[in-house]
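Student: One letter stands for each residue in the lines below.
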Amino acid sequence: MITIYKDKKDIPQNMEYVELNDVFFNKNTVARLDDHAKEIVEKIDDAKLAGKYKIESKFNGVTLDVDCLSTGCKTVLNVLYFPDKVFCLKECGDNALEVLYNLEDGFIYSDYAMIPFDMSEVKVCFGTQSKIINDYEELKEWWSNGE
Amino acid sequence: MESKPIVMDHFSTVHTSYVVNFKFTNNITILTGSSATGKTASFSFIKECMAINPDILCLNYLDYQKNIKEIVSHAKGKLIVIDNADILLNDETRKYISLDGKNQYLIIGRNPKNLFATKENLFELVSKKNGEQTEFQIEPYL
Numbered sequence: 020m021i022t023i024y025k026d027k028k029d030i031p032q033n034m035e036y037v038e039l040n041d042v043f044f045n046k047n048t049v050a051r052l053d054d055h056a057k058e059i060v061e062k063i064d065d066a067k068l069a070g071k072y073k074i075e076s077k078f079n080g081v082t083l084d085v086d087c088l089s090t091g092c093k094t095v096l097n098v099l100y101f102p103d104k105v106f107c108l109k110e111c112g113d114n115a116l117e118v119l120y121n122l123e124d125g126f127i128y129s130d131y132a133m134i135p136f137d138m139s140e141v142k143v144c145f146g147t148q149s150k151i152i153n154d155y156e157e158l159k160e161w162w163s164n165g166e
Numbered sequence: 065m066e067s068k069p070i071v072m073d074h075f076s077t078v079h080t081s082y083v084v085n086f087k088f089t090n091n092i093t094i095l096t097g098s099s100a101t102g103k104t105a106s107f108s109f110i111k112e113c114m115a116i117n118p119d120i121l122c123l124n125y126l127d128y129q130k131n132i133k134e135i136v137s138h139a140k141g142k143l144i145v146i147d148n149a150d151i152l153l154n155d156e157t158r159k160y161i162s163l164d165g166k167n168q169y170l171i172i173g174r175n176p177k178n179l180f181a182t183k184e185n186l187f188e189l190v191s192k193k194n195g196e197q198t199e200f201q202i203e204p205y206l
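Top line first, the protein sequences correspond to chains A and B. Throughout, the numbering used here is defined as the position within the first sequence, counted from one, plus 19. Throughout, the numbering used here is defined as the position within the second sequence, counted from one, plus 64.
Check before you lean on any hint, since a few could be wrong.
[Unchecked claim] Residues from chain B shown here face chain A by an in silico Cβ test under 8 Å; the list is partial:
{"hint": "1", "residue": "Ser81"}
{"hint": "2", "residue": "Gly97"}
{"hint": "3", "residue": "Ser99"}
{"hint": "4", "residue": "Gly102"}
{"hint": "5", "residue": "Tyr125"}
{"hint": "6", "residue": "Tyr128"}
{"hint": "7", "residue": "Asn148"}
{"hint": "8", "residue": "Asp150"}
{"hint": "9", "residue": "Ile151"}
{"hint": "10", "residue": "Asn175"}
{"hint": "11", "residue": "Thr198"}
I should point out that these hints are in silico values taken from the structure, not numbers from a laboratory. The beta-carbon is built from N, C-alpha and C at its ideal position, and this holds for glycine as well.
Let's have the full structure, built from the sequences with the hints guiding it.
Tutor: Next comes the structure, spelled out in structure tokens:
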């Protein structure tokens, strides 16, 4: 289950917060990609991983460097491979959010609501409190309220 | 917010097999939608035009350390294209952009906060295959 923060000051001091998902992916996550990434890349970007550092573009089949993945896809892969860090989810489209919310583990941050229509259970943290939410409207309300 | 484009109502460019063909109906166009539709690819093709077209100014996450408000406030008569806008634009810069009468904006992101946007400002990218070419256009976001 993923954990969501809506206030940066609630992120534990021993956890790094990453806002620039493109840069983090290109420098760190790319080295950890495995078969699990193949499925995610196909699902979000409709592209194929062609080796460790290449993808086959969905537009014209051209082989591109893996840095051409969408920021949304890179964000999901960052969260997947680095469950000890908190990642900004503001650049995820609905298709990336749907995959992100179904990850078994991971930490994300946004100060405004970013919720896929088909959401599963998430843990939300605010101040010293946390709770489990599995309803779209309830999560939206948590995000817009002060607590 | 509805206002006519003040710099250009049409932009097109070609990059190898890719064609960008955008028609602007508003001075602030927010390009939004799902991940992996080609938004950042289109940005890179437009950015290439900065080398030959002085009316274009492109900003993205590589400008994260810069003062974006200062950059746009010094610009005049430009189509300012901003990718990664959701992490690049703070509230102050968004308010400035919403009232800027000197430049036109193409903002790639999902958060319309403080841009005083209405549905007239929201667009999504669509791609069409023409033989071996892929053409990107913008259409109103539903």
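Student: A separate judgement is required for each hint: does it hold in the structure or not?
Tutor: Quick rundown of the hints versus the structure:
1. At its closest, the beta carbon of Ser81 of chain B sits 6 Å from a beta carbon of chain A; the interface hint therefore holds under the 8 Å criterion.
2. Hint status for Gly97 of chain B relative to chain A: holds, with the closest Cβ pair at about 6 Å, below 8 Å.
3. Hint status for Ser99 of chain B: holds, given a least beta-carbon distance of 3 Å to chain A, under 8 Å.
4. With 8 Å as the threshold, the beta carbon of Gly102 of chain B comes within range of chain A, its nearest partner Cβ sitting at about 7 Å, so the hint holds.
5. Among the interface hints, the one on Tyr125 of chain B holds; its C-beta lies about 6 Å from the nearest C-beta in chain A, closer than the 8 Å criterion.
6. Below 8 Å, beta-carbon pairs count as interface contacts, and Tyr128 of chain B has one with chain A at about 6 Å; its hint therefore holds.
7. The beta carbon of Asn148 of chain B comes within 7 Å of a beta carbon in chain A, closer than 8 Å, and the hint placing it at the interface holds.
8. Interface restraint check: Asp150 of chain B against chain A, minimum CB-CB distance 4 Å, threshold 8 Å, status holds.
9. This hint holds: Ile151 of chain B has a C-beta 6 Å from the nearest C-beta of chain A, less than the 8 Å allowed.
10. Evaluation of the Asn175 of chain B hint against chain A yields a held restraint, the C-beta minimum of about 7 Å falling below 8 Å.
11. Satisfaction of the interface hint for Thr198 of chain B is found here, the shortest Cβ-Cβ separation to chain A being roughly 5 Å, below the 8 Å cut-off.
In this structure, every one of the numbered hints holds.
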